[in-house]
Amino acid sequence: MNAPLPTAVDWSLAAHQVLSRHGFSVVGYVPDGGQKRMIELCQADARMRTVVMTTEEEGVGLASGAWLGGAKTVLLMQSSGVGNIINALGMLRECRIPALILVTMRGEYGEFNPWQVPMGQATPDVLRAMGVTVQHADSAAEVAEQVDAAARLALGSYQCAAVLISQRVIGIKSFQDQTSQ
Amino acid sequence: MSLHRRDVVKALLSDRGGLLVVAGLGSTAWDCTAAGDHPLTFPMWGAMGCAAMTGLGLALAQPARRVLVITGDGEMLMGLGALATIGVQRPDNLSVVVIDNERYGETGMQETHTAHGVDLAAMARAAGFISGLLLRDAAGVAALRKSIHETSGPHFAQVKVAVEKIPLVLPPREGALLKTRFRSALLGAAADLQ
Chain B
0 MNAPLPTAVD
10 WSLAAHQVLS
20 RHGFSVVGYV
30 PDGGQKRMIE
40 LCQADARMRT
50 VVMTTEEEGV
60 GLASGAWLGG
70 AKTVLLMQSS
80 GVGNIINALG
90 MLRECRIPAL
100 ILVTMRGEYG
110 EFNPWQVPMG
120 QATPDVLRAM
130 GVTVQHADSA
140 AEVAEQVDAA
150 ARLALGSYQC
160 AAVLISQRVI
170 GIKSFQDQTS
180 Q
Chain W
0 MSLHRRDVVK
10 ALLSDRGGLL
20 VVAGLGSTAW
30 DCTAAGDHPL
40 TFPMWGAMGC
50 AAMTGLGLAL
60 AQPARRVLVI
70 TGDGEMLMGL
80 GALATIGVQR
90 PDNLSVVVID
100 NERYGETGMQ
110 ETHTAHGVDL
120 AAMARAAGFI
130 SGLLLRDAAG
140 VAALRKSIHE
150 TSGPHFAQVK
160 VAVEKIPLVL
170 PPREGALLKT
180 RFRSALLGAA
190 ADLQ
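Chains B and W, in that order, give the protein sequences. Numbering of the first sequence is given in numbering that gives the first Met the number 0, commencing with residue 0 and proceeding in unit increments. Numbering of the second sequence is given in numbering that gives the first Met the number 0, commencing with residue 0 and proceeding in unit increments.
Just chain W, same shape as in the assembly (with noise of 0.2 angstroms):
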């Protein structure tokens, strides 16, 4: 039985606690709001192929937070470089995950390169995060979901789900706003005089 998406994302944010969150855009951001907007979500509204790096710079600047980055399959592929990237780094607060439906869901669903077998687990253990898991049901993300807030990282997941249409349930639009609101809710009221 496929896991559906909305569900996966839901887990993964559940007692989230301090997690810093990144949203790339399109289907992962309207997941993460589904299951509660939230001043410490930064939803993409743009720049696809960004999300993973957005998280590096966050688990840089933040060592003592653990920084988790949800993001979709053709987002990944768009910056895959990140991973080599992130490898070098070897930031042990981040996660990345990857929300995987093999569609560009957006545009029309069209098939992404991991319905045609394209490993992005494989990759990101190949390019030295400490793990890079393949995930098709229930109890790997109750796991995986431990692991983020528990364990050394950088980890990755891959997570197989259903293709399906469902309701957009959208964040703020304004990029400066949701800027705003997470760093206020970070740093306090002297992000505003940064």
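Okay, chain B solo, but in the shape it has when bound (with noise of 0.2 angstroms):
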């Protein structure tokens, strides 16, 4: 990956800190490469268990589940990963259950893969559509105050509410980079 914007900001230990501070225990993710060390943050943490997924689907049925048994759950996905939970969401929206979705953007800022670019423009609007409260973080230093302000709202308000954290943050892939991986 190209490098990010410079900064000294550690998006992914500050957001971790803030799901741990919320006590999300349970964690689903497809993996991204965005959130390749917040995944390996939440694996090194005893108080949460990841369920690695085969598709983004799976976490809506895992956070209902751990919802009904008293547990929180955080989903981690990529935009593409958002196009394959929409009718799933409609149990969220129709049981009233928390959950709270990181999800790191492609197909946005300076993106160099056309296949990603039209599932991640329509990020907002689908998640908008199944009536999940959407949040961006469009720089390291806020992505943790948007975490805590989505999560707040999803335990605080019986919401599905997601936090889109941008292209910008996480640095812009390249066919160089591609290639070379």
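Derived from the structure by calculation, the hints contain no laboratory data. We treat Cβ as the ideally placed atom computed from N, Cα and C, and that holds for glycine. Hints are not guaranteed to be accurate.
[Stated by the list, open to error] Taking beta-carbon pairs under 7 angstroms as the criterion, some of the chain W residues facing chain B (in silico): (1) Gly45; (2) Ala46; (3) Met52; (4) Thr53; (5) Gly54; (6) Leu59; (7) Lys178; (8) Phe181; (9) Ala184.
Need the complex rebuilt from these two chains, each delivered in its own frame; the hints are there to steer you.
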């Protein structure tokens, strides 16, 4: 990956601390390069159970079942994965199940892969159409604050809330980086 | 002689004790309701393909309780990846039972993949379930019920049942109600303040 904009902020660490403080104990994820460090931090946290999923849609069931049992779930995914959960999101809304989704964006700021653009551009609209509250983090410094606010809204108001973390924060992939990976 | 789905589900839910139940949408939700509506049964009216994962979330949140997912072949087929995900997590308190009539029952009884030989039990075994049984008789169902309550899972069973049109027995529909009554019964009054 190209270097992200210069910053001293370790947004993954800061956001993980927010998740920990709010008591999220189940972490469902489909890997994304932008969330590599976040996934590793959650895996290393003894109070979090990480669940690797084959598709993001599984996360909606996971979050629903966990909340039936009293546990709080955060889902980690790439923007393309948002397209895989649309119908399932109806369960969170109909049942008023709180859930937090952290989405690392593709298909927007400086994207090199045209196949990522349609879903990336549609991501906020698709989430809103299904009743998910959408927040944006466009700089590393504001990720933790946005995650905190979204977590409060999700847990306090029994909603599904998503934080879209811009490609500007995670760095822009290039063809050269792709071929070297 | 073919098994009847209502008999199978009634047998699996008999003397259920503290069992927590997730019922997949459609016929299996009606089957569970016919066996007796219960606050600790969460019948799904949508989110097709999500029943097994809902069971996994519940099993992880409540490791001291036994969790049973009862769902249909069509519903399971829509979320086959869940078998792999459960196979990685391996919760010992989770069982997934597919009531397999080889049909999409709510949409006109069209044949599902299992009518053409797709073996869900073998898939579950290959994914890492402790057991993956294909059952066709009442004795097998009785043994399955015992395993669900007493032995370490995750268990999977595919129970072949007759194709039949039977009366609907509907649970409450409202999702928020179904969630709240489940949480209240499981977690007590504290659930309302979480």
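Each hint, compared with the structure:
| no. | hint | result |
| --- | --- | --- |
| 1 | Gly45 | holds (6 angstroms) |
| 2 | Ala46 | holds (4 angstroms) |
| 3 | Met52 | holds (3 angstroms) |
| 4 | Thr53 | holds (4 angstroms) |
| 5 | Gly54 | holds (6 angstroms) |
| 6 | Leu59 | holds (6 angstroms) |
| 7 | Lys178 | holds (4 angstroms) |
| 8 | Phe181 | holds (5 angstroms) |
| 9 | Ala184 | violated (10 angstroms) |
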